[in-house]
Amino acid sequence: MLGGMAVAMTAPTSAEVSGVATSGVAAADRMNALLARVAADGDREAFTILFLHFAPRIKSYLMKIGAATDLADDLAQEAMLKVWRKAKLFDASKASAATWIFTIARNLRIDAARRAAKPPLDRNEPGIVPAGEPAPDARIERAARDVRIRAAFGALPPAQHEVVQLHFVDDLAHSEIAERLALPLGTVKSRLRLAFEKIRKDLGDSVE
Amino acid sequence: MTALNNIRHHPKALTLAAFAAGNLDEARSIVIATHLTLCDSCRLAVRDFEALGGACLDATDPAEMNDSALESFWARAGKQERNALAPSTLAANDFALDAAHPLAAYLKNGIDAIEWRPFAPGLAQHIIPAKGYRPGVLRLLKIAPGVRIPMHTHGDEELTLILRGAYTDEVGDFAAGDLADLDREVLHAPLATGGEPCICLIATNAPLRFRSLVGRIIQPFIGL
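If you read the protein sequences in the order shown, they are chains A and B. First residue of the first sequence? That's 852 in the numbering used here, and the numbers climb one at a time after it. First residue of the second sequence? That's 18 in the numbering used here, and the numbers climb one at a time after it.
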């Protein structure tokens, strides 16, 4: 559906975009197209391909915060169940499949960690997911922007790539990353800042 | 609340990234989520970081699923009616489905119904239980016009979102929607300005450090 458009609008933004990153973009576009097929008519074959790609990664993501393998398996299935059930509401122009699935897995991980830490909370407790509609002009090419962010991430120098990955997937706070890599806290923060600045530069955003 | 166009002070990129990564404690998450309801540009920045999270998830080494995972998935999916969802004009990935205000459940009757606990002349607070699985402290602070908080710094990091009124300090002028993202480097003494009390939502993950005797006397009452 719109997945093809996203790729057509996306050109590598710098000479540093490697072949690996570009093929990553192609793979991401394929995932978007598969999810669009699930959205359109509940295509089980397309969903199975999505499941085989994302479920093992979500499981890995959950195991990084200490979930035992069976629990992580179960929660990964639960995350994919949300994808399946809400797929009709997926709009490929709003976000890529990986972005959307990441937010589903992240929220599930936060909920699971809360349940493990203490008794269930008030059901009306506010979600931490930001609500609200982006300004119309800013929504243009949202999905294309996701694809470019992915390419920019793939093109980060290894040291920056590593801290970003530890922050977003391993759920490590800055101080925990510092401990893991035996680096000063300031170095971790500046690597993250440099990574974000480089991504913004690759996107063509102004960096103040 | 609706988006404000005149917000001058925003969270740091590192703070927004930690929020998108799901790495902030509950108290700071609520402060950021509240700011996002007011600030289009930060909401877009968080979306960018969520896209980065998607790329990171994709780059993760996959774990091996249990042999029967796919089979058991379809068994679970079969029990749930896929078409039973309420019709909606919003896309699920539009991030607009849970439009409830982040503070609504904590302040059911709004800011005007808060039971303030005075602890010093011109200062009152209301503590919100929001412990989460990562420790942090969330509180509302009301500063009467013309009152100044004693000079202090912070043990680690503090997020302050102005909900009503205004204050001025060494960093700048803050009004509704502005967010002060402070660390231990910042030494400040906010002064409530304007004609109405300044009401702030504050998340700390470490005690304030007062520099004056007055502040150290006040501290036990604030509980910061």
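Misleading hints may appear alongside valid ones.
Think about it this way: if two alpha-carbon atoms lie no more than 16 Å apart in a straight line, the pair counts; the simulated EDC-like pairs of lysine to aspartate or glutamate are [unchecked claim]:
id : chain 1 : residue 1 : chain 2 : residue 2
1  : A       : Lys915    : B       : Asp78
2  : A       : Lys1040   : B       : Glu202
3  : A       : Lys1040   : B       : Asp78
4  : B       : Lys29     : A       : Glu929
Read the hints as simulated data drawn from the structure, not as lab findings.
Results for each hint:
Distance restraint check for A/Lys915 and B/Asp78: the Cα-Cα separation of roughly 11 Å lies within the 16 Å cut-off, and the hinted pair is therefore satisfied. Between A/Lys1040 and B/Glu202 the alpha-carbon distance is near 15 Å, which keeps this suggested pair within the 16 Å criterion. With a C-alpha separation of about 24 Å, the suggested pairing of A/Lys1040 with B/Asp78 is violated against the 16 Å cut-off. For the hint linking B/Lys29 to A/Glu929, the alpha-carbon distance of about 33 Å lies beyond 16 Å, and the restraint is violated.
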